[in-house]
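Chains A and B supply the protein sequences, listed in that same order.
The first sequence: position 242 = 242 (full-length UniProt numbering), numbered continuously.
The second sequence: position 22 = 22 (full-length UniProt numbering), numbered continuously.
Source of the hints: derived by calculation from the structure; they are not laboratory data.
Note that the coordinates shown come from a computational prediction; the quantities given were computed from them, not determined experimentally.
The reader is advised that the hints may include incorrect statements.
As the list claims (entries may be wrong) - Partner residues are not named here, just some residues of chain B that face chain A (Cβ under 7 Å, in silico):
#1 52
#2 90
#3 100
#4 121
#5 144
#6 150
Unchecked claim - Away from chain A, derived, C-beta distances all over 12 Å, residues of chain B:
#7 47
#8 85
#9 124
The beta carbon of each residue, even a glycine, is placed where N, CA and C say it ideally should be.
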Amino acid sequence: MSADLSGLTFLDRPNSYIGRSVPRPNARRLLEGRGVYVDDVAVARLGHVAFLRSPHAHARIVALDTADAKAMPGVIAVVTGPELAAVCTPWVGVLGHFKGLRSAPQHALALDRVTWVGEPFCAVVARSRAEAEDALAAIMVEFDPLPAVVDMETALESATPPIHPELGDNLAFERVLDVGDVDAAFRDAAVVVEETFQFGRHTGVCLEPRAILADWAAADGMLTVHHSFQAPHMMQDILCKHLALSEGAVRVICKDVGGSFGIKVHIYPDEMATCALALMLKRPVKFVADRLESFQSDIHARDHRVTARMAFSAEGDILALDMDDLTGIGPYSVYPRTSAVEANQVVNLTGGPYRHQHYRARARVVLQNKAPTCQYRAVGHPIATMVAEGLIDLGAARLGLDPFAVRVRNVIPDDAYPCAGVSGIKLEKLSHQAALAKLRAMMDYDGLREEQALLRQRGIHRGIGLAAFIEITNPSAAFYGVGGARISAQDGCTIRLDPQGGVVAAVSVTEQGQGTEGIIAQIVATATGVPMDQVRVISGDTQTTPYGGGTWASRGAGIGGEAAWQAGKALRGNVLAVAGAILQADPGSLDIRDGAVVDAATGTERMPLSELGRIVYFRPDTLPPGVQPEFVATRHYVPKDYPFAFTNGVQASYVEVDTETGFVRLLKHWCVEDCGTVLNPLLVDEQIRGGIVQGIGGALFEHCLYDAEGQLLNGSMADYLVPMAGEMPDIDVAHVVSATASSEIGAKGAGEAGTAGAPAAVVNAINDALAPLGARVSRQPVTPDVVLEALGLI
Amino acid sequence: MAPESPDRAHAVAFTLNGEAVRAHVPARMHLGDLLRESFGLTGVHLGCEHGVCGACTILVDGRAVRACLMLGVQADGATVETVEGLTESGRIRDLQDAFHTRNALQCGYCTPGMLVTATELLNDADAATSREEIRAAIAGNYCRCTGYHAIVDAIAATAEARRDGPKNSRREAAE
Ligand code: FES
Ligand code: FES
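Chain B on its own, in the form it takes in the complex (with noise of 0.2 Å):
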């Protein structure tokens, strides 16, 4: 008898970027294939398929995680959100404004698990935003490009946005 495919397909079935899917995927498939092959989100990069260089960095369940290191399979029941979702729906827009005023981008191969890394930071509210927070924060995602200066600045900048947007609104409001 011929050994089982490593290709053979499991049913799978998650939310991705809002919207119910599914799909057969073979078992060693990596989550980041996946989405590329089977969805056509190529805005999930891939730079080493080694969990180190961070470019195929989306967010399941809220959390920022590296598409290479996760099976497809273990998409099941998640949500999953890549940066063409949190760009449709206009929640990093700001972010995306930064890095393009500051040039936070040269090629651009890591700029979508930059941004993805920079939302899961700004989405904690607690979270401290010194330039050397940003860049332990960031200290996993690769960019040969920039030198990170600029990528730091974009991120310091959408932090302090969104710090004094909010509070000046409020402090408008109770005017």
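Looking at chain A on its own, in the form it has when it is part of the complex (with noise of 0.2 Å):
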């Protein structure tokens, strides 16, 4: 009997690179300073774009003269909406299977009124960017300001004027979720408690901004644009769509990118302009965001406020959760994912982790004239984290239980999967219990809460705060593909083995850094036994890669990889089956490993597959006859058992306040979450960590400021406050694995997860610091004056 190595699952393949910290290997040459970014493409005869942009937050533009700026040196050409609408069609971001959102067309360049302030209404190109800069300055442009709508506590009364008269009113979407009943839970209750919660809108703040470069070339018929983006086949179906172009003449590249989370993912409008001015124009034209504009135009995302109240039987069991929630998303529905999608994922995902049969919500989105809002990474989970994990410490506070209990009482328990969540949704397999357990060890919480008690009675103000959450991740097309969106939720992996051995793999999935094409290059050595310095990946490219999705919503490894792993066991499979041929061995008793042929039950060398690359390639006439060889594989794959895999995890905060300046010092940070296999830990610690900073980066720094009029008041990097090292503190990561049973590498995303659970950790903490002082924090940023507000002292 032959071992069926087909068979075998990752983990018992010899040697495997699953599960084990290998160094990405593409992180060397941006080590060295040799990435490349889209500011650092070379083409000749580029044009570059500036736009001008506008400075009112709604207004009619009334008059629009551009001769003089025409006349200004190094001007290539100075191009307005209405002339560029001739090249580019508008766009409505709405989706099919969110019922009832509106929308209004938007333009790459505003015809005749801009309605946020730094919408592009005009574009400049120029032999350089200083000179575009210049020639702005010389375009006269008249304005007809028009009332802003800027509260979105206010957009929906009827004394406001609908930002887009067409629609009647500043309602873009509601969604209403009543399930059990509600009303009697919370007539039964012992406890109930309610909170107002407000977060701040923020933005994505990527240290490269934004960036394209579209290159027409009308001789080929072919428009190649290098873009700083995560869904490069999505981009291309726009560009086809709105500029009348076939694929086949569209192709984009997304080599290096300079970080993304979720920022650049969806279409703005001066990224639309740059690609319709290069077939204007029939040249190259490059527009890379400077940090101000990207203040003003890159999506914004959260702004909400959620009134929500908790319900509690005497011995702590959560009974049920009532919630509203609004959210201002700014003048359009940003396209193709359009702007109701963190609303719907606060009211899919609040109380998520916990057992309540009782649940009810509302989201309702406002317009508003003010930056676009869109999907930031972990989208609506703070939101949802920071409600569910802010009620439950006010209720235990009330029944005067540990918080820790609390939790650990209500969870969904880790025997009663697969199951359904309150909201509907579907669990496969989470691990809440096993995840608070650990975490409880991890983070010493008896040892901690007898620090804290001591240092209290030293006048130390520290505080201790949990935050349990779930997390989407591997979305299938039930994301925005069921919507009508063409945006891909299947990905493909193409392996070809060359003649000395190697392999090179293309990929769908895309590499922003979080280390794709490491996991991927893992992955493909240990499915085709080819040793890992051996594999090349390529990936961000339309031309060169299977049709995907790229990379959002966590689904890199657990879909991209699951592909790559079924392309390189069929290629493996390919390859044994020629060599059984050539060794007159039966191809189930073969296995590849480092590199050679080996007999599968003993390990014993039979030839290196430098030697067969040899006879199939150059000496295929000394094959046994009828042997066709294939040494090229590709495989597709997508969730098909679940719309997403949830994962879960939970945080722990540890601060101490300054109750006399409002300062909040982060003294640890712990982390245990579950995103199925562990491909490499090294890589999955660090993005869970990234994602904590960023999520602390929202909970105590970032905000997007506006003044009354509309007017954006902190939009430069020495304004808008980020996360820096000297505030950040040691973050401790550790895991469960709950493997899904869907693909056969087990892995979940877990891109989300830091971001998730974050500030509800940070803020829980502040708020216990603060419980004896009889003070409570509840908007975010919880900036030193929010602190200090809360004591009364201010």
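Two chains, two frames, a set of hints: combine them into the complex.
In structure tokens, the structure reads:
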């Protein structure tokens, strides 16, 4: 009997790279300053575009005179909205599965009305960016300011004019979910707690700003676009649609991307305009957002106000949750993913770790004259987590129970899966109990409580905050495709064995630094038996990789990784079939290890892959008759049995609050999470740490501040605070492993986990520190002012 | 008479990554743009161009400087080093190795600036290198991806190895 090697799991594979902390092969060149980000691409005859952006939150463009600008040195073209509209059609950011979602047509350059500070309405292309900016200053424009809708709380009042008169009002989307008998549960409750939570509007601040270089080669009929972006095939499809090109005429290349976090997965007017300008001018045109325009024009996120209440039994059981979410999304729902998703996720996720059976949620999404908001890392998760975890702490305090114990009591038990969450989400396998137990030991919860009590006697106010959460990963077509968006939920990988015995793997998921290429190399090396240093990975190019979705919603490892695993297994099968024919052995008795065909049972080398490659590619005449080697294999994958692979985790934060200055010092942070199979602990831990710090940014520092007229007040890095190394704590990360049975590798995503739980953990810790003083904060970011206000000191 | 163009060029000569170089620089061009555009040193990253993010950090006469806050004309007569030059010299190989092993980078956009800032810290023989002190030293370099923990680990490991390395070899020599 021959061993059935095709049935081997990755764990049984000899020389497996899975689960090992292998450094990323592609990190070396980044460490030597040899990355190639969009702004580093050198192209002849390049035009640089700069945009004239609205200084008003809402205004009519009465007159626009570009004659002087056209005469400025170095200027190649000055193009207005109506001129560009002849080349690029407008879009509307709605999807079929968000019933009732409304928005208005949006143009790459505004035609006759601007709707937020920073909206582009005129473009200058010049020989240098500096000359383009000089010419911007020479454009004459006259505005007629219109009333601006700034405050989301009043956006729906009848006295507030609709931003888009044809829509009748400023309500873009509303969703109501009512499960069980919420009113009865609250009536019967021993304790009801209520809170209003405010979530400040913030933005991604990717260190590499958005950047795009579009090159129209008219003779080839080919638009080549270098783009700092997460989803090259989506961009290709949208460029085709709005510039009237065919798929074969558009190539999108996303090489090195300097951070994205959901910022670089949306359609931006200035980027579409750049591609349209390349077509109009028949030459390459580059746009790189400077930091000031990034703050005005990158998507923003959050900006929610949630009023919520939770009902408890006397024993500490959560009985019901009732919440009302209001969010402002700017003047347009962003294309093509729409701006209804964050509110929708809040409804789906709030209270998701827990057992309660009664849940009511209403979410309203309103239009306003501020920068558009859309999906940013951990979409909706930090809001959902803060609401439930904040209420649990309030309830525990009212009941005189330990907050850790209340969570342990209420989480869905680890043996209850598969099951559905109260909002209807399908949960395959979560591990809240195991995660809580691991966290408790890891942070020495009891020791920390003792320390906290001792220090309190000395007037030092420390707090411990907890946050359990669930995370959406590995999305299927249920996320966007079912609503009509042409965004691929499936991904593919093609692997080719070359004559020397190395392989090249082209994969449709993309790299933004999280380590996609490294993970794919580990999986391919494990599946094929080729050493990892002989695996090359290609990603981020619509022309050379299989078709796929790219990177968003934590899908790279779980979906792209499974495609790579299946392709690797198929290639190994193909190779062993040929080796078997040459060696006159049963292919099932052979394996590939460390770059050589070996006897599976003994490990004895039978033939190096380089010898096989030599024969197959250069002396096919010597192959046994009837043998046709196929040393390329392609496989695609999309999760089928669950719309999403939910993951879970729990975080804890330990802080010290200075009650005189309001400053919060982060002493330590812990995270236990369960992303299924851990492919590379080094990479996943760092991704989680980065996510935690990003969440802390929103909790303590980051805020896009607007005045009553809709002017952005802090659109520079000097004024908008981001987390820097000096204020950040060390972060301990650990894992529980509940592999998904949907795929063979069993990996789920981990990209959102850090950001999902960190704000709630930190805010709960602050409130724990403030509790003896009778103070409480519920508005993020929790700046020193917010703390001092809570303490009644200002 | 037309006003003088802001692009009127001025001649500068300086030492760049060990080589004597010359250039004509428009008066308003900052050193970061000069290094990227005239010398192809694309390892000099621009994240804000207003002196906050640290991505553009280079060494000028041995001190860490923000290339976006210095005009190209001010480089005249200076010794300028970028991540490319430090790499070729082999002087930060241990630091780069530590960043690699510890995965102290994700997108890599902050990395050249981080390495240069860390180089200045590590070059200072008297600098203390506790985790807090390392955090303070890199507090002017923004990283959106990593959460800083691994960067601190990598710099601490390099500092420790450099401290132990010479001591060990001295001890060996004495024996
Ligand atoms: S680009 Fe120089 S400090 Fe940001
Ligand atoms: S690694 Fe991306 S900004 Fe630091």
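Going down the list of hints, with the structure as the test:
1. 52: 4 Å, holds
2. 90: Where the cut-off is 7 Å and the nearest Cβ of chain A is about 11 Å from residue 90/B, the hint is violated.
3. 100: 5 Å, holds
4. 121: Interface hint status for residue 121/B: violated (12 Å vs cutoff 7 Å).
5. 144: For residue 144/B, the interface hint holds, since the closest Cβ of chain A sits about 5 Å away, which is under 7 Å.
6. 150: 5 Å, holds
7. 47: With a cut-off of 12 Å, residue 47/B comes too close to chain A, as the shortest Cβ separation is near 5 Å.
8. 85: At roughly 9 Å from the nearest Cβ of chain A, residue 85/B sits no farther out than 12 Å, so the non-interface label is violated.
9. 124: 18 Å, holds
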